[in-house]
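Enquirer: Quick mapping for you: the protein sequence lines, in order, are chains A and B.
Heads up: the first sequence begins at 8 in this note's numbering, then just goes up one per residue.
Heads up: the second sequence begins at 309 in this note's numbering, then just goes up one per residue.
Keep in mind the hints are simulated off the structure, nothing from the lab.
Just so it is clear, the structure is predicted and the values come from calculations on it, not from any experiment.
In this text, a Cβ means the ideal position worked out from N, Cα and C, and glycines have one as well.
Hints may be right or wrong, so weigh each one.
What the hints assert, rightly or not - Each computed SDA-like pair below joins lysine to any residue, with the alpha-carbon atoms no more than 25 angstroms apart:
| id | chain 1 | residue 1 | chain 2 | residue 2 |
| --- | --- | --- | --- | --- |
| 1 | A | LYS445 | B | GLU553 |
| 2 | A | LYS445 | B | PRO568 |
| 3 | A | LYS445 | B | LEU802 |
| 4 | B | LYS607 | A | LEU443 |
| 5 | B | LYS607 | A | GLY397 |
Said to hold, decoys possible - Stretch-level coverage of chain B by chain A, calculated; a stretch enters the list once three of its residues show a Cβ under 8 angstroms from a Cβ in chain A:
| id | stretch |
| --- | --- |
| 6 | 496-505 |
| 7 | 514-522 |
| 8 | 735-744 |
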Amino acid sequence: MKSPSQRALFAPSLLALACLSCGMSDSETGALPGLGNVGGSPDGMGPNAGGSVTVPGTGGASTGGAAGAGGAIVVPPEEELEESFLAPVVTGKYVFSANPKSGRVAVIDAETFAVRLFNAGFGPTYMSAIPGGRGAIVINDTSDDATLFHLAGDDVSVDEVALPVHAEANAWAISPDARFALAWTRSEPSQADDPTSGSQDVTVLDLQRMTSKRLSVGFHPTKALVDDASERAYVVNDEGVSVITLGDDPEVELLARVSEDPLEEAAARDVSILPDGSFAVVRVDGSSLLRIVDLSREDAIQSFDLGAPVTDVDLSHDGSLAVAALPGIGQIALVPVPPTGDAASFERVSIPGEITSSVALSQGAELALLYQNGADNSHLTLLDLREGMGRALRTVDVKGPVSAAFAAPGAASAILFQKPIRGSAKAGLFSGVPTLQKRSAKIVGTDAVPSALAFDDQGRYALVTVGNEASAAHGVYRVQLDTLQEDYLPLASPPATAATGIVEEVERGFVAQTHPEGRITFIDLSTARAHTITGFELAARILQ
Amino acid sequence: LQFGFTEVHVKQGVKLLTGSLVLVTMAASCSSDGTFDDDSLNFGPSAAGGSSSGEPLDPGEQVPLPEPEKEADASFRVPVVSGRWVWTANPTSGRVALIDATSFTVKTALAGAAPTYLAALPAPKGSSRALVLNARSNDATLLATTADGEIEARATLPVHAGANAWATTPDGRFAIAWTDASAEANPDPSQGFQDITVLDLEGETPSSKRLSVGYRPARVFMDDDSRYAYVVTDAGIDVVDLKSERGPIVEREVEVSANPANDTARRDVNVTPDGAFAFVSRDGKDYITVVNVEQGRFKDIALPGVVTDLDLSADASLAIAIVREPTLAADTPAAGAGAGGVAGQANEVGAGEGGAGAAAGGGGSDAGGAAGQHGGEGGGDGVSEGGAGPGQQAPTKSMVVLLPVATAFDAPGTFERVRLNELFGSVELGQQGETALLYSNGVPRTHLTLLQLGEAAGSSHRTLDLKIPIFSAISTPDGAHAIALLEPPAGSKLPGAFAVVPVRRNLPAKIQGTKAITVAMDAGAQTPAMVAISDERALVTVSDGVGTHLAYLARMPELTVDAIELASKPLPRASGIVSEANQAFIAQQHPEGRITFIDLDTNAVHTLTGFELSSQVSQ
Numbered sequence: 008m009k010s011p012s013q014r015a016l017f018a019p020s021l022l023a024l025a026c027l028s029c030g031m032s033d034s035e036t037g038a039l040p041g042l043g044n045v046g047g048s049p050d051g052m053g054p055n056a057g058g059s060v061t062v063p064g065t066g067g068a069s070t071g072g073a074a075g076a077g078g079a080i081v082v083p084p085e086e087e088l089e090e091s092f093l094a095p096v097v098t099g100k101y102v103f104s105a106n107p108k109s110g111r112v113a114v115i116d117a118e119t120f121a122v123r124l125f126n127a128g129f130g131p132t133y134m135s136a137i138p139g140g141r142g143a144i145v146i147n148d149t150s151d152d153a154t155l156f157h158l159a160g161d162d163v164s165v166d167e168v169a170l171p172v173h174a175e176a177n178a179w180a181i182s183p184d185a186r187f188a189l190a191w192t193r194s195e196p197s198q199a200d201d202p203t204s205g206s207q208d209v210t211v212l213d214l215q216r217m218t219s220k221r222l223s224v225g226f227h228p229t230k231a232l233v234d235d236a237s238e239r240a241y242v243v244n245d246e247g248v249s250v251i252t253l254g255d256d257p258e259v260e261l262l263a264r265v266s267e268d269p270l271e272e273a274a275a276r277d278v279s280i281l282p283d284g285s286f287a288v289v290r291v292d293g294s295s296l297l298r299i300v301d302l303s304r305e306d307a308i309q310s311f312d313l314g315a316p317v318t319d320v321d322l323s324h325d326g327s328l329a330v331a332a333l334p335g336i337g338q339i340a341l342v343p344v345p346p347t348g349d350a351a352s353f354e355r356v357s358i359p360g361e362i363t364s365s366v367a368l369s370q371g372a373e374l375a376l377l378y379q380n381g382a383d384n385s386h387l388t389l390l391d392l393r394e395g396m397g398r399a400l401r402t403v404d405v406k407g408p409v410s411a412a413f414a415a416p417g418a419a420s421a422i423l424f425q426k427p428i429r430g431s432a433k434a435g436l437f438s439g440v441p442t443l444q445k446r447s448a449k450i451v452g453t454d455a456v457p458s459a460l461a462f463d464d465q466g467r468y469a470l471v472t473v474g475n476e477a478s479a480a481h482g483v484y485r486v487q488l489d490t491l492q493e494d495y496l497p498l499a500s501p502p503a504t505a506a507t508g509i510v511e512e513v514e515r516g517f518v519a520q521t522h523p524e525g526r527i528t529f530i531d532l533s534t535a536r537a538h539t540i541t542g543f544e545l546a547a548r549i550l551q
Numbered sequence: 309l310q311f312g313f314t315e316v317h318v319k320q321g322v323k324l325l326t327g328s329l330v331l332v333t334m335a336a337s338c339s340s341d342g343t344f345d346d347d348s349l350n351f352g353p354s355a356a357g358g359s360s361s362g363e364p365l366d367p368g369e370q371v372p373l374p375e376p377e378k379e380a381d382a383s384f385r386v387p388v389v390s391g392r393w394v395w396t397a398n399p400t401s402g403r404v405a406l407i408d409a410t411s412f413t414v415k416t417a418l419a420g421a422a423p424t425y426l427a428a429l430p431a432p433k434g435s436s437r438a439l440v441l442n443a444r445s446n447d448a449t450l451l452a453t454t455a456d457g458e459i460e461a462r463a464t465l466p467v468h469a470g471a472n473a474w475a476t477t478p479d480g481r482f483a484i485a486w487t488d489a490s491a492e493a494n495p496d497p498s499q500g501f502q503d504i505t506v507l508d509l510e511g512e513t514p515s516s517k518r519l520s521v522g523y524r525p526a527r528v529f530m531d532d533d534s535r536y537a538y539v540v541t542d543a544g545i546d547v548v549d550l551k552s553e554r555g556p557i558v559e560r561e562v563e564v565s566a567n568p569a570n571d572t573a574r575r576d577v578n579v580t581p582d583g584a585f586a587f588v589s590r591d592g593k594d595y596i597t598v599v600n601v602e603q604g605r606f607k608d609i610a611l612p613g614v615v616t617d618l619d620l621s622a623d624a625s626l627a628i629a630i631v632r633e634p635t636l637a638a639d640t641p642a643a644g645a646g647a648g649g650v651a652g653q654a655n656e657v658g659a660g661e662g663g664a665g666a667a668a669g670g671g672g673s674d675a676g677g678a679a680g681q682h683g684g685e686g687g688g689d690g691v692s693e694g695g696a697g698p699g700q701q702a703p704t705k706s707m708v709v710l711l712p713v714a715t716a717f718d719a720p721g722t723f724e725r726v727r728l729n730e731l732f733g734s735v736e737l738g739q740q741g742e743t744a745l746l747y748s749n750g751v752p753r754t755h756l757t758l759l760q761l762g763e764a765a766g767s768s769h770r771t772l773d774l775k776i777p778i779f780s781a782i783s784t785p786d787g788a789h790a791i792a793l794l795e796p797p798a799g800s801k802l803p804g805a806f807a808v809v810p811v812r813r814n815l816p817a818k819i820q821g822t823k824a825i826t827v828a829m830d831a832g833a834q835t836p837a838m839v840a841i842s843d844e845r846a847l848v849t850v851s852d853g854v855g856t857h858l859a860y861l862a863r864m865p866e867l868t869v870d871a872i873e874l875a876s877k878p879l880p881r882a883s884g885i886v887s888e889a890n891q892a893f894i895a896q897q898h899p900e901g902r903i904t905f906i907d908l909d910t911n912a913v914h915t916l917t918g919f920e921l922s923s924q925v926s927q
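Isolated chain A, as found in the complex (with noise of 0.2 angstroms):
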């Protein structure tokens, strides 16, 4: 499941980091991954996050997917990966780039390539900007503090203060009026069964004030956020939703409860969380019920049977619909958050033919994409849930098994992360994938596997970037998403993770790489020229 907050992680990258230049609106910042990590360090999913890809398994069969007629239809789990694909930092036309090694963070001018080093703490490791292009903030990850860069103008200072962090903090959440960021540490799969890694501590930065407050909130956090009125702020964690007051005292305001019953397995839930803060949205793997929780109170769930396993939700970015995909029984219901009526009540589309157990909205949520990656499965259909079209349905197929799927910004096109065709030589593929027209799909094979995405915020251009630092090869792939031509251009070192981003205010999109002394290569969008910097924290002058 997919809420605005989630969304956040990977909207640098959906939304091509238009946000992150021209000011992040709450929830996106609120869930903002840590900065590019050029030296490649891990980012914000955490020390050992690090793999950039996490499409699962390559050479699969590539199946039609058709579903098979009458009865309930029973679906391998899906699987989340729309969060895996992250991007690093842009402030205004700035990309800010941490070096955990070197304890520096480089600012460089996507303009002119002008680059310049800043002095941060221990090990600064996860970044996040500040909404309004006011600048950026780092966690040191050895100091455990954490460092303010503010940005005026083409004036770039470091703030004297550093505002002490719990240990481990791994991750940011940032109020939407630039005045408080969260500090939190993201648990991982790994750490569930550990109860010594309960991970519970956060930290409220006021960055009005310079002051920071430790908190604890339940166990095993998930995701935060920050409502839009930069009020509270929300921690998913095994227990449930922590809602912590900010203001001049920040607390924890209450424990909303997601289930009703406290042994429920939390690794089996997915929870989204309204822009707005108001409701949760939760669904729980192999369970036909559908909750929606008020976030104001401990304990007001109202659960909605919908007929079968719900396997995916997905909550449009203003959190007044709710997509919930049924397979089972061949449908997509359509949730109004909070409901007016009962199950019964809401809206179901009937999918004939085919299986769809994934649920990718467009920003507007005109358009769902609807797909498969349990299993492997090459159609996506295509849901236009514009006023006046009838819900009318396409399916297309797109040959290789599809692993995630973004709608671009306007929704007139997708890009898709596929698993390579059966019996293609090629290590991975993607796909273009026209919308609102009837036109077939771009499939792209790639000798690596597509690790990172980018859109600019007009829908008009994505990076593709493929590759790790375990492949042979790697690059990024220029597509015009008009005309669905793409251009690959090669990488000298791998891409780091979550480091491909665009610098709207420069029509420039980047790619970090690892390597010893810092290496970035810009694309100009509109001809696919390339610009590689390298070298640049030897080359450039240290700024106190």
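Assemble chain B onto chain A, guided by the hints.
Expert: Frame of chain A, contents of chain B only:
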């Protein structure tokens, strides 16, 4: 496809079957001692026996269905002739040569890296224009002759990587570089070849624009008005507006199936020259699809059997489908044309009200199902064709279905059926379209049936026994004659053969054995014959790839054939007829370039060697 000139055709025989398959199917239809002996054409008894149908099987016994027909037309490329000039490109040297076929003077010019794929463009009288794709530099060079006869490279435009084919508008303003997947050896399934590059050649600053179309383009059609291009792909038909306000764009994609994601049968799509309609057949299917391209709608038309070929007449007034009629065991006495098979014994012209009703009329146990679901609009007319099912024999006769293009979409159930007591699976329509050449290469057959089209002809026909199994056939532009490439059985003294067939006159065909194969069993290892044809001459070029290289010049209506030895191996798709100069030509492999011209009246041979080094040797 529009190439800007019409008088010259080239055909090339490519056999896609494996050798074992061919031998097996031949054994089923011919006696084992049927051989092709020598130049004097002494044939064994079985080969002369015509279309034997084999022994009937017991009821319920399954028989192997015939191999699908091989579509040979896609291999027939028109060479690059413009006026009296011949353009040639040498990927190795990077040079393009322009040869005046009247004076044998040669001009050369450098193009990009590895100039490979040429296309002629319309040009004012007395001049010549061409485009060449430079395979290595991923661009195209626009070439033209200057007033003093030199070659000028007027523009170099980027194209997508891997382009290997051209389509040009009739007015010569636009050219589309695309990638024909069938020309690629073992393409990776992730290679969709979906890029096309549209070149606008008008004005002082020609431009190019890349677009994306459906997976694996198979054909590109340009409409007569030079406004739209139609790209046939796995997904359907991409309509490219060449003159939109935003420049060339893919305006829309027209689906040809109700369930395109699951419609995986191999398709053959023909688009009418005005782009109004498309007709689609699918391997192994007993229906065709007519597409109203402008409306973006389609209808399936059920036919009484599996459609093995579909073609449009030159004036696009008729779509002609070939249907193999399955035969029940009880029907076998009616099967077969008999020895010699000179004329069909049965010629039933149907009333043409059938559609699905006709297909579902009875016969085999599965007859109704497949056809009925496609919902033809006409009622049944009592035709009782069986469908595939238990108790069925291999087909022994075929049917020609004539669908009027103008009304096929609005009245899909109305068509004319011509039943012939012959087995064929392929149709070839000449430019005149007055006679359909009917033959089979899915099942080895020696019979070529000539079916007169048009109301006055009354669908009369005659069948010729060409003695040797036919692989392909092509009409002369005026439709008076045809050349058929033949495939002699294993053990024949000569490995190849072709026939010169009088179409308009009831005369016997001339069968000519050749010293190298005409039909390649293995397209990768063997060199198929090239055919260049005009109204009165045909040039059939064969090579064994080693030391035997010959061009056979056939004269029509005399039906005489002269063999001319070539000094080196012919290049693929590199022969043609330059009507303005009354010459045929064959370009050949040679480090510095070699081309041989043959005077069409005197057979005088003129070979140019080394013209790429400007040290031209004329012999």
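Enquirer: Work down the list of hints and note, for each, if the structure agrees.
Expert: Going through the hints against the structure:
This hinted pair checks out: A:LYS445 and B:GLU553 have alpha carbons roughly 20 angstroms apart, not beyond 25 angstroms. For the proposed pair A:LYS445 and B:PRO568, the alpha carbon gap of about 11 angstroms is at most 25 angstroms, so the pair holds. For the proposed pair A:LYS445 and B:LEU802, the alpha carbon gap of about 54 angstroms is over 25 angstroms, so the pair is violated. Between B:LYS607 and A:LEU443, the direct Cα distance comes to roughly 24 angstroms. Compliance with the 25 angstroms bound is thereby established for this hinted pair.
Annotation: proposed proximity of B:LYS607 to A:GLY397 holds, straight-line Cα distance about 23 angstroms (limit 25 angstroms). Chain A is given as covering the stretch 496-505 of chain B, and this holds because 7 residues of the stretch bring a CB closer than 8 angstroms to a CB of that chain, at least three being needed. Counting residues of the stretch 514-522 of chain B whose CB falls under 8 angstroms from any CB of chain A gives 6; the rule of at least 3 is met. For a cut-off of 8 angstroms, the count of residues in the stretch 735-744 of chain B with a CB near a CB of chain A stands at 0, and the three-residue condition is violated.
Of the numbered hints given earlier, the model fails hints 3, 8; all others are met.
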